[in-house]
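*Asks:* Given chain A's structure and the hints, the job is docking chains B, C and D onto it.
Line by line, the protein sequences are chains A, B, C and D.
Everything in the first sequence is counted per the working numbering, starting at 9 for the first residue and increasing by one.
Everything in the second sequence is counted per the working numbering, starting at 9 for the first residue and increasing by one.
Everything in the third sequence is counted per the working numbering, starting at 9 for the first residue and increasing by one.
Everything in the fourth sequence is counted per the working numbering, starting at 9 for the first residue and increasing by one.
None of these hints come from the bench; they were simulated from the model.
Bear in mind the structure is a predicted one, so any value in this text is a computation, not a measurement.
The beta carbon of each residue, even a glycine, is placed where N, CA and C say it ideally should be.
Don't take each hint at face value.
Derived list of chain B stretches under chain A, where covered just means 3 residues or more per stretch with a C-beta under 8 Å from a C-beta of chain A [stated by the list, open to error]:
{"hint": "1", "segment": "10–21"}
{"hint": "2", "segment": "155–165"}
{"hint": "3", "segment": "196–210"}
{"hint": "4", "segment": "226–232"}
{"hint": "5", "segment": "268–274"}
There are 4 protein chains.
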Amino acid sequence: MEINGVEIEDTFAEGFPIKVARVLITAITERWAMEAAREATGFGTSVIMCPAEAGIERMALRSETPDGRPGVFIQICNMGYKNLENSLLSRIGQCVLTAPTTAVFNGIPEAEKQFDTGAKLKFFGDGFQKEASYCDRGVCIIPVMSGDFVVEEKIGAVDGIAGGNFFIMAENQASALMAAEAAVDAIREEEGTITPFPGGVVASGSKVGSRYKFLKASTNVRFCPTLRDEGVCTLPPEIGASYEVVINGVSREAIERSMRSGIKAACTVPGVVKISAANFEGKLGPHLFGLHEILG
Amino acid sequence: MEINGVEIEDTFAEGFPIKVARVLITAITERWAMEAAREATGFGTSVIMCPAEAGIERMALRSETPDGRPGVFIQICNMGYKNLENSLLSRIGQCVLTAPTTAVFNGIPEAEKQFDTGAKLKFFGDGFQKEASYCDRGVCIIPVMSGDFVVEEKIGAVDGIAGGNFFIMAENQASALMAAEAAVDAIREEEGTITPFPGGVVASGSKVGSRYKFLKASTNVRFCPTLRDEGVCTLPPEIGASYEVVINGVSREAIERSMRSGIKAACTVPGVVKISAANFEGKLGPHLFGLHEILG
Amino acid sequence: MEINGVEIEDTFAEGFPIKVARVLITAITERWAMEAAREATGFGTSVIMCPAEAGIERMALRSETPDGRPGVFIQICNMGYKNLENSLLSRIGQCVLTAPTTAVFNGIPEAEKQFDTGAKLKFFGDGFQKEASYCDRGVCIIPVMSGDFVVEEKIGAVDGIAGGNFFIMAENQASALMAAEAAVDAIREEEGTITPFPGGVVASGSKVGSRYKFLKASTNVRFCPTLRDEGVCTLPPEIGASYEVVINGVSREAIERSMRSGIKAACTVPGVVKISAANFEGKLGPHLFGLHEILG
Amino acid sequence: MEINGVEIEDTFAEGFPIKVARVLITAITERWAMEAAREATGFGTSVIMCPAEAGIERMALRSETPDGRPGVFIQICNMGYKNLENSLLSRIGQCVLTAPTTAVFNGIPEAEKQFDTGAKLKFFGDGFQKEASYCDRGVCIIPVMSGDFVVEEKIGAVDGIAGGNFFIMAENQASALMAAEAAVDAIREEEGTITPFPGGVVASGSKVGSRYKFLKASTNVRFCPTLRDEGVCTLPPEIGASYEVVINGVSREAIERSMRSGIKAACTVPGVVKISAANFEGKLGPHLFGLHEILG
Numbered sequence: 009m010e011i012n013g014v015e016i017e018d019t020f021a022e023g024f025p026i027k028v029a030r031v032l033i034t035a036i037t038e039r040w041a042m043e044a045a046r047e048a049t050g051f052g053t054s055v056i057m058c059p060a061e062a063g064i065e066r067m068a069l070r071s072e073t074p075d076g077r078p079g080v081f082i083q084i085c086n087m088g089y090k091n092l093e094n095s096l097l098s099r100i101g102q103c104v105l106t107a108p109t110t111a112v113f114n115g116i117p118e119a120e121k122q123f124d125t126g127a128k129l130k131f132f133g134d135g136f137q138k139e140a141s142y143c144d145r146g147v148c149i150i151p152v153m154s155g156d157f158v159v160e161e162k163i164g165a166v167d168g169i170a171g172g173n174f175f176i177m178a179e180n181q182a183s184a185l186m187a188a189e190a191a192v193d194a195i196r197e198e199e200g201t202i203t204p205f206p207g208g209v210v211a212s213g214s215k216v217g218s219r220y221k222f223l224k225a226s227t228n229v230r231f232c233p234t235l236r237d238e239g240v241c242t243l244p245p246e247i248g249a250s251y252e253v254v255i256n257g258v259s260r261e262a263i264e265r266s267m268r269s270g271i272k273a274a275c276t277v278p279g280v281v282k283i284s285a286a287n288f289e290g291k292l293g294p295h296l297f298g299l300h301e302i303l304g
Numbered sequence: 009m010e011i012n013g014v015e016i017e018d019t020f021a022e023g024f025p026i027k028v029a030r031v032l033i034t035a036i037t038e039r040w041a042m043e044a045a046r047e048a049t050g051f052g053t054s055v056i057m058c059p060a061e062a063g064i065e066r067m068a069l070r071s072e073t074p075d076g077r078p079g080v081f082i083q084i085c086n087m088g089y090k091n092l093e094n095s096l097l098s099r100i101g102q103c104v105l106t107a108p109t110t111a112v113f114n115g116i117p118e119a120e121k122q123f124d125t126g127a128k129l130k131f132f133g134d135g136f137q138k139e140a141s142y143c144d145r146g147v148c149i150i151p152v153m154s155g156d157f158v159v160e161e162k163i164g165a166v167d168g169i170a171g172g173n174f175f176i177m178a179e180n181q182a183s184a185l186m187a188a189e190a191a192v193d194a195i196r197e198e199e200g201t202i203t204p205f206p207g208g209v210v211a212s213g214s215k216v217g218s219r220y221k222f223l224k225a226s227t228n229v230r231f232c233p234t235l236r237d238e239g240v241c242t243l244p245p246e247i248g249a250s251y252e253v254v255i256n257g258v259s260r261e262a263i264e265r266s267m268r269s270g271i272k273a274a275c276t277v278p279g280v281v282k283i284s285a286a287n288f289e290g291k292l293g294p295h296l297f298g299l300h301e302i303l304g
Numbered sequence: 009m010e011i012n013g014v015e016i017e018d019t020f021a022e023g024f025p026i027k028v029a030r031v032l033i034t035a036i037t038e039r040w041a042m043e044a045a046r047e048a049t050g051f052g053t054s055v056i057m058c059p060a061e062a063g064i065e066r067m068a069l070r071s072e073t074p075d076g077r078p079g080v081f082i083q084i085c086n087m088g089y090k091n092l093e094n095s096l097l098s099r100i101g102q103c104v105l106t107a108p109t110t111a112v113f114n115g116i117p118e119a120e121k122q123f124d125t126g127a128k129l130k131f132f133g134d135g136f137q138k139e140a141s142y143c144d145r146g147v148c149i150i151p152v153m154s155g156d157f158v159v160e161e162k163i164g165a166v167d168g169i170a171g172g173n174f175f176i177m178a179e180n181q182a183s184a185l186m187a188a189e190a191a192v193d194a195i196r197e198e199e200g201t202i203t204p205f206p207g208g209v210v211a212s213g214s215k216v217g218s219r220y221k222f223l224k225a226s227t228n229v230r231f232c233p234t235l236r237d238e239g240v241c242t243l244p245p246e247i248g249a250s251y252e253v254v255i256n257g258v259s260r261e262a263i264e265r266s267m268r269s270g271i272k273a274a275c276t277v278p279g280v281v282k283i284s285a286a287n288f289e290g291k292l293g294p295h296l297f298g299l300h301e302i303l304g
Numbered sequence: 009m010e011i012n013g014v015e016i017e018d019t020f021a022e023g024f025p026i027k028v029a030r031v032l033i034t035a036i037t038e039r040w041a042m043e044a045a046r047e048a049t050g051f052g053t054s055v056i057m058c059p060a061e062a063g064i065e066r067m068a069l070r071s072e073t074p075d076g077r078p079g080v081f082i083q084i085c086n087m088g089y090k091n092l093e094n095s096l097l098s099r100i101g102q103c104v105l106t107a108p109t110t111a112v113f114n115g116i117p118e119a120e121k122q123f124d125t126g127a128k129l130k131f132f133g134d135g136f137q138k139e140a141s142y143c144d145r146g147v148c149i150i151p152v153m154s155g156d157f158v159v160e161e162k163i164g165a166v167d168g169i170a171g172g173n174f175f176i177m178a179e180n181q182a183s184a185l186m187a188a189e190a191a192v193d194a195i196r197e198e199e200g201t202i203t204p205f206p207g208g209v210v211a212s213g214s215k216v217g218s219r220y221k222f223l224k225a226s227t228n229v230r231f232c233p234t235l236r237d238e239g240v241c242t243l244p245p246e247i248g249a250s251y252e253v254v255i256n257g258v259s260r261e262a263i264e265r266s267m268r269s270g271i272k273a274a275c276t277v278p279g280v281v282k283i284s285a286a287n288f289e290g291k292l293g294p295h296l297f298g299l300h301e302i303l304g
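Just chain A, same shape as in the assembly (with noise of 0.2 Å):
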């Protein structure tokens, strides 16, 4: 199969279950909901290390916010409800309360499980906050020292999909991480997905187990470029760079959107030879994506 001249490689990427909640941040302009966007989601890349998976998924519409302001839809991912419960009140209570003219709202009001982070977060009002119904919204108002804070009662959350995700194999870095850069743009544009890595783009496949006990992931030496002599670099002499983009998502249908998206975006940059993806043998997860069937 090919697009544009590209290669896809008849393969599938692996992904595993996640709990994925999601948090929509407006405030006074875009450049201020980013920012705090920005701050919530950041040491957020993968769970090995990181105490939560997190991303911007997209600029809102001004109609899609209820009060009106600019907004960013943002995730935030861990494994299971408990840690997910934690990394939304870590997250919203240190770097979204703390931010310049901020809202939260809820951003799967219709998901079955719901937390009740803002219900908690409003103690730190310390007896002033107040409960309100807002856009048939319940809130709560805690008072800062630049005004009112608004945080919806609830933040709903859903079972999602980690480690969605596709290799971009070219003639060099430069190429690939310009093809990355254009898949990332992409997926931005679709609903419900996530690019957790740094600007979306990993640098460092990583395959699962090492030859060191006391570490479980390490670098895929087959596709490293730099391992050609010494004979471990499997990929034929054409390919002199590639680069991964992982995504999460709140569904299947999500993850198929944002990798036909991302992948049809990286086909347009010259340079670009071929597009993989990481699978494990079933190691990681369940979850299985097939290039072929997702572009066909």
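*Replies:* Below, chains B, C and D alone, put in the same frame as chain A:
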């Protein structure tokens, strides 16, 4: 005391000791150095509920980076060197090693305390890592999918200070926020400090303690303008909103310099009425920064 | 009439006829599409002394770009079709053809008026240009040092309107500016309009004429808060500063929609006191936009 | 000659004389200073069909701005002082006076040539303008709707040079573009130069003349990789794409410094094969910049 007609209150900021590591991240372009820096310093506003305090200090000049590429100095701060070492390993390992085209260098080679951060991260190379000397610095080279990742063996840290701060009190929210943005812009030019909150600004200044046993800090009710009717807010009527700028740094001198620079910048913004500072009767820490001394 | 407690004055904006071309610029990434768009629309605030009025309308969705790459819609406006054709040739030829990785497509293929912009620019190819059909559009392909530059043969234009506007009057400069930024953010979501001034905002609203024979427009003294002592400023004391948002667009409906959306956004910002609009007793033009009708 | 394995061709760039004005724009925040600077320098890539050449030189340090606010140095360049004066009046009058919170200062007070730019713009104040001394500089104060606009009476200009340049020739488009971006980032750190093209990069390098009588410049066919089959492109097969960085500046020394800094930065990017430069057998101008001399 007045600057540009803005009253500088005769009070002081109260800071506390913290361990501060300084890291230099370089990348192919400024944009990608910033992406890695932002991810690595996110979810890092306050050790109350964040796993570390972290922020971007300033852009590096090309002449300051060992590889002649664009660079960003970041600081990662934590209570005690053991916590700080863990923060370095996880934040650099998960947010910079994974970021496209980055390299990591020691931001304080002259410090007494040096962590083996690079020397520990290198095992990700699964036996294919190498040690080398690069511009007189000992580095580890880890093969990744896009080439080689270079990380300096040692990352230095010092006894620093957290919680340097000042309040910007203004006619209304927008004036206070513009002034805070101007202050943070100015502090970004200074050496040795970070402003760890979102966009450098704190909206929700707090007091130590609360009426709830489970909550160690709560909103600083005296400065909440929406609590005027309750008689709790003690602000004069001409103050409509306040923001706080919190500053961590490698030394007392660095924090003084940034407080001075930030306060002066805030006082260029119309509508700013008063500069004050947060202190807690010594409950927080021993480092006192008198506004009049700093600005005198 | 009031929105969020902000008074909407019962007045109207006065616009004038202008010719509007709409161009779709695509590029390898959003960042590079924006660089080209900004250069091509710069020095384009007012036909009084700029060679054209120009601005960024909105980001294109990937599904809207013929090449599936990121895109930006811009508008270039001028008095008369002949001037407009020259503006298109020079701005696209000098600022988009020269920009890395860009392509140029017709932003209004359905318009009656169509310029041969691409068909004229193609001669830069010095005989090596080619004509082709691309997604059912006639394009010219010009070889350049980085590959091929694709430009659609035709660029469409319509009889549009310039000078749609509203004033944001606020307690102070920072509130007025934050509100203007929020308004411009909101207008960027709308179809068919641009805000040609720097960052979308006008600081120096003008009246027609002056006491100097050589000057056709001068500062709108009635609204200059620093002329209160001279008795020239007629603003009530609660208004400390005003900004104007000027809107050009392809149709009356588009301007009405953006005025509505921008005014509503401005009214979300604390410290905004009143919304008004600029009119000149019919000296400027025939297009009147009543605030109460638009918002009613 | 080689840098990082990149061949530096033994050739030279050919520049031509131009008049250069240097302007310092300050504003309430960096963001607003940049908005004004971008608008004022837009549509300013080449005097062939733009009304001027213009660009952003660098951010100013706070210690360099008379009002202690954030600032940006821009340059506006034109053929002859009369054209340049008109460019200053229209670009500052339409794009900076109109921009929120800006002030304008002389960027070369020490130059012999000084225009009365501020002294002419002041009449916009319609009789309410004032003259004043501000930090030992003569300024005009013009009342506007958001407060007062301050503009220095004099703006200085010098005999400068346009057309300093180098080519970045790389394996493919993405490598060449990344390297161009890295070069422009580096040049932004240097004093006294601008890169007037979009994002600092030229995609469509040209030769003097064409086969069409009406066209004075056309695509540089020898360097067009898609003309390989026609036998017109003389590039070796390993070069897949090139970009040019064009540099204007206040002096020969400034351009040499920026060429050196930009070329070194370009050579840090993988995939770059060769650095060359554009010259036209003296048809363009008398200023020659030998790559080997500059880098030697």
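*Asks:* Counting residues of the segment 226–232 of chain B that have a beta-carbon nearer than 8 Å to any beta-carbon of chain A, does the count reach 3?
*Replies:* holds (count 6)
*Asks:* Examine the segment 155–165 of chain B for residues whose CB is less than 8 Å from any CB of chain A, and state whether their number is three or more.
*Replies:* Held - the segment 155–165 of chain B has 3 residues with a Cβ nearer than 8 Å to chain A, which meets the minimum of three.
*Asks:* Cut-off 8 Å, C-beta pairs, minimum 3 residues; does the coverage of the segment 268–274 of chain B by chain A stand?
*Replies:* violated (count 0)
*Asks:* At a Cβ distance under 8 Å, does chain A reach at least three residues of the segment 10–21 of chain B?
*Replies:* Check failed, 0 qualifying residues.
*Asks:* At a Cβ distance under 8 Å, does chain A reach at least three residues of the segment 196–210 of chain B?
*Replies:* holds (count 5)
The structure is inconsistent with the numbered hints 1 and 5, although it conforms to all the rest.
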